[in-house]
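Going down the list, the protein sequences come from chains L and Y. If you're matching positions, the first sequence starts at 1 in UniProt numbering and goes up one per residue. If you're matching positions, the second sequence starts at 1 in UniProt numbering and goes up one per residue.
It should be emphasised that the hints constitute simulated quantities derived from the structure, not laboratory data. Hints are all accurate, no fakes.
Below, in silico cross-link-like pairs of lysine-lysine (DSS-like), each with a Cα-Cα straight-line distance of 30 Å or less:
#1 Y:57 to Y:153
#2 Y:85 to Y:14
#3 L:57 to L:153
#4 L:85 to Y:85
#5 Y:14 to L:149
#6 L:57 to L:85
#7 Y:153 to Y:85
#8 L:14 to Y:149
There are 2 protein chains.
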Amino acid sequence: MYDYLRAPQAIYEKSFATIRQEVDFSGMSDPMRSIATRIIHACGMPEILNELSFDDKVAEAAVAALRGGAPILSDCEMVTHGIIKRFLPKNNSVICTLNQPDVPTRAAEMHTTRSAAAIELWREHLEGSVAVFGNAPTALFHLLEIMEKGAPKPAAILGFPVGFVGAAESKTALAESTLNIPFVTLLGRKGGSAMAAAAVNAIARLAGEGT
Amino acid sequence: MYDYLRAPQAIYEKSFATIRQEVDFSGMSDPMRSIATRIIHACGMPEILNELSFDDKVAEAAVAALRGGAPILSDCEMVTHGIIKRFLPKNNSVICTLNQPDVPTRAAEMHTTRSAAAIELWREHLEGSVAVFGNAPTALFHLLEIMEKGAPKPAAILGFPVGFVGAAESKTALAESTLNIPFVTLLGRKGGSAMAAAAVNAIARLAGEGT
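Bound conformation, chain L alone:
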C-alpha cells in the first residue's frame, strides 16, 4: 500500500490550501480569485497567475449570463466533456459545433481550419453567451473577426487556446480588443481544455451560489 491521501474532500482542501499558500491573489476580487484558483488547480501551475489577463467585469458578466440561462459555446469537444453539468445553474446548453457535418466543407471554402469554420455556426447562439476556447487560436481569431464585422457578442469570453502557432497572438488580440467584451485569458503559449473547462466550472459554481 502506498501512503497517499484518499478522501476526496481532504484532497480538495489540501489542494486549495497549497494554492493559497503559493499564490499571491492580492488585488483580485473574490469571484476572480475563485476562477484563478480553479484554473491553477486544473494545471498544477501556480506560476501561471502572472500570465492571467482579465477584465474586472468578467466574473460578474459570465455569472449573470449563466444565471440567465445563456448557452456555453466551446471550440472543442474536450472542453464540453470537462464541464460539470450539474453545476450549471439553468441546465445551460453546452454547444460545440466543430463536428457538425458541413464544417470540413466550410473550412475548405474559407481557406481556414475546421475550428475557425465551426465558429460560423455559433452565430445564432452568440448573443449573451459564454464563449470558451480550450484549443484553437484560429477559432478565437475568427470570433474576434466576425464580431468586428458586426456579429452578435457573447457576454464573456474565456480564452485558453494553446500551442506554438497563433495561441499567444490570439490571446493578446483578445486582451487588447476594443470590442469591450469581458474576458479572462492566459497570455502566452500555455492553455488548453482543462484550464478552459475549469474556468467554466468555477463560474458555474459562483452562479449556483446564493440562488
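Put chain Y on the given structure of chain L with help from the hints.
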C-alpha cells in the same frame, strides 16, 4: 482581419518545426520522439521534456498492443474525448469506467475517490491494455496497488495525473515501480487530459504506420 496562419497543414508544420528548434531530443528513439513531440504540442511547453520519464520499451509495447486490438482504459472522460478515434488501428475500444452507476457506492465503501474505485472495474479489461491517466493520482496509485496484489497487467501505462496532492507522488511511484510495465510519465505536478490524449494519439499514429 488579423494576420495569422490559417492553413491547417501549415500550422502543424510550423508547430512541429518550432518544437524541433527548441527541444533537444538527442538520445531518444524516433517513436519516443514522436510521442514527446505530441505531448509538448498539446501543452505548449517545450520545457517539460526534462520531466518526461519513460521506459525505452513503452512506444513499442503500446504500439504492439493497439495493433493487436487492445482496449485503451482511461481514468477520465476528457481523455476519451481527446483520443482521435480514426487513428486507432483496430477500432480499439476506449473505456472509461468513472461514470458507471456503482462507482460512487464503491468509492464510499473503499474510503477512496470515485476515480480510484473506478479502476476496480478495469480488471476484466486490464491484461495487455493501454492504461492512460490524465487526471487522478488516486487512480494511478490504485492501479499500482492492485497490480502488486496480482491483478492483470496492462501492456503500457501512460501516466499524466495533474495537481497538487499526490500527482507528483503517483508518477514517481509509477517510474520507480518494480512491476516492469513499460510506461511514460511526466514527473511533478504538471499533466492533464490533453497531454494524456496526445500520448495516446501519437501511439495510435505510430501503430497505424506501415500496417
